[in-house]
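Here's the letter readout for the chains.
Protein chains: 2
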Amino acid sequence: MLMHNPPHPGEIIKELCLDPLGLSVTEAADALGVSRKTLSAILNGRAGISPEMAVRLSIAFDTSAESWLNQQSQYELWHAEQLRGQLQVRKLVAA
Amino acid sequence: MLMHNPPHPGEIIKELCLDPLGLSVTEAADALGVSRKTLSAILNGRAGISPEMAVRLSIAFDTSAESWLNQQSQYELWHAEQLRGQLQVRKLVAA
DNA sequence: CCCTTGTGTTTGAAACTCCGAATCATGATG
DNA sequence: CATCATGATTCGGAGTTTCAAACACAAGGG
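Each protein sequence line maps, in turn, to chains A and B. Just so we're aligned, residue 1 is where the first sequence starts under the numbering used here, counting upward by one. Just so we're aligned, residue 96 is where the second sequence starts under the numbering used here, counting upward by one.
Don't read these hints as lab results, they were simulated from the structure. No experiment lies behind these values; they were computed from the predicted model shown. Incorrect hints may appear among the rest.
Once the Cα atoms are required to be at most 27 Å apart in a straight line, the calculated DSSO-like pairs of lysine-lysine come out as [claimed, not checked]:
(1) Lys37/A x Lys14/A
(2) Lys132/B x Lys109/B
(3) Lys109/B x Lys91/A
(4) Lys186/B x Lys37/A
(5) Lys109/B x Lys14/A
(6) Lys132/B x Lys91/A
In silico negatives: residues of chain A with every beta carbon more than 10 Å from chain B [said to hold, decoys possible]:
(7) Arg36
(8) Ala47
(9) Leu92
Just so you have them, the derived chain B footprint on chain A, three or more residues with Cβ under 8 Å [claimed, not checked]:
(10) 18 to 31
(11) 48 to 62
(12) 67 to 78
Note that CB positions come from ideal geometry on N, CA and C, so glycine has one too.
Start from the sequences and build out the full structure, keeping to the hints where you can.
Below you can see the structure in the form of structure tokens.
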């Protein structure tokens, strides 16, 4: 079922972008053009990756904005899927 | 560059789900378990597809929640990309 | 003609999220 | 001890998703 609880994208940013370059939160936030608080919240999973933030990440780290946004989507979707059984929805098309 | 302004996902829902089945906004909203207002806002592009709504759509129309959420992401990303040049971001990795 | 019913949309309010400025707590340096 | 940098937290503002209620509009029935 592949029901593995995915890590929040901020964890990925830290491990994949900040740590390898030895960047502090302050340095990275400054480069990204956002406040330390904003980046800190993302790294600690208290904020998601907004579309604008995805573009910022893509510029600073030469990656694809789409991949960051998709990771965020997958993370949010996993949590929404946990509620699938509780949603009162009527099927309109045969399974 | 494929810079085609993408339609908001609500338009897709209407054309791909409601219209083929001859469903009214009222009927579809009722089946999805949300208010008419909520669905109306989505169809008219004044609201996005939330993760929970993506799961609702996947149940009612036997589709993948991921595809709906990805369409929403792509739509938001396109708008964010329009601001790419205005963002004050410093490259941390060589292009 | 008026009244009811059904349609889609809009208004008003509550809850939530992302963000910056300011503040706090911690640890290092002089 | 005092100072400073770092990361996290609190406070407030702006935007978004949601519902309940009310709105405008059309189509029929009395």
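Quick rundown of the hints versus the structure:
At roughly 15 Å between alpha-carbon atoms, Lys37/A and Lys14/A fall within 27 Å of each other, so this suggested pair holds. With a C-alpha separation of about 15 Å, the suggested pairing of Lys132/B with Lys109/B holds against the 27 Å cut-off. Our distance criterion of 27 Å between C-alpha atoms is met by Lys109/B and Lys91/A, whose separation comes to about 17 Å. Straight-line distance between C-alpha atoms of Lys186/B and Lys37/A comes to about 20 Å, which keeps the hinted pair within the 27 Å bound.
For the proposed pair Lys109/B and Lys14/A, the alpha carbon gap of about 40 Å is over 27 Å, so the pair is violated. A threshold of 27 Å between alpha carbons decides the hint, and for Lys132/B with Lys91/A the separation of about 20 Å falls inside it, so the pair holds. Non-interface status of Arg36/A relative to chain B is upheld: no Cβ of that chain comes within 10 Å, the nearest being about 15 Å off. With a closest Cβ-Cβ approach of about 16 Å to chain B, Ala47/A is found to remain outside the 10 Å limit, as its non-interface label requires.
Residue-level check failed: Leu92/A sits 5 Å from the nearest beta carbon of chain B, not beyond 10 Å. With a cut-off of 8 Å between beta carbons, the segment 18 to 31 of chain A has 5 residues touching chain B; three or more are needed, and the interface restraint holds. With 10 residues bearing a CB less than 8 Å from a CB of chain B, the segment 48 to 62 of chain A meets the requirement of three and the coverage assertion stands. Closer than 8 Å: that is the beta-carbon criterion, and the segment 67 to 78 of chain A has 7 residues meeting it against chain B, so the requirement of 3 holds.
Figure legend: structure checked against the earlier numbered hints; hints not met, in rising order: 5 and 9.
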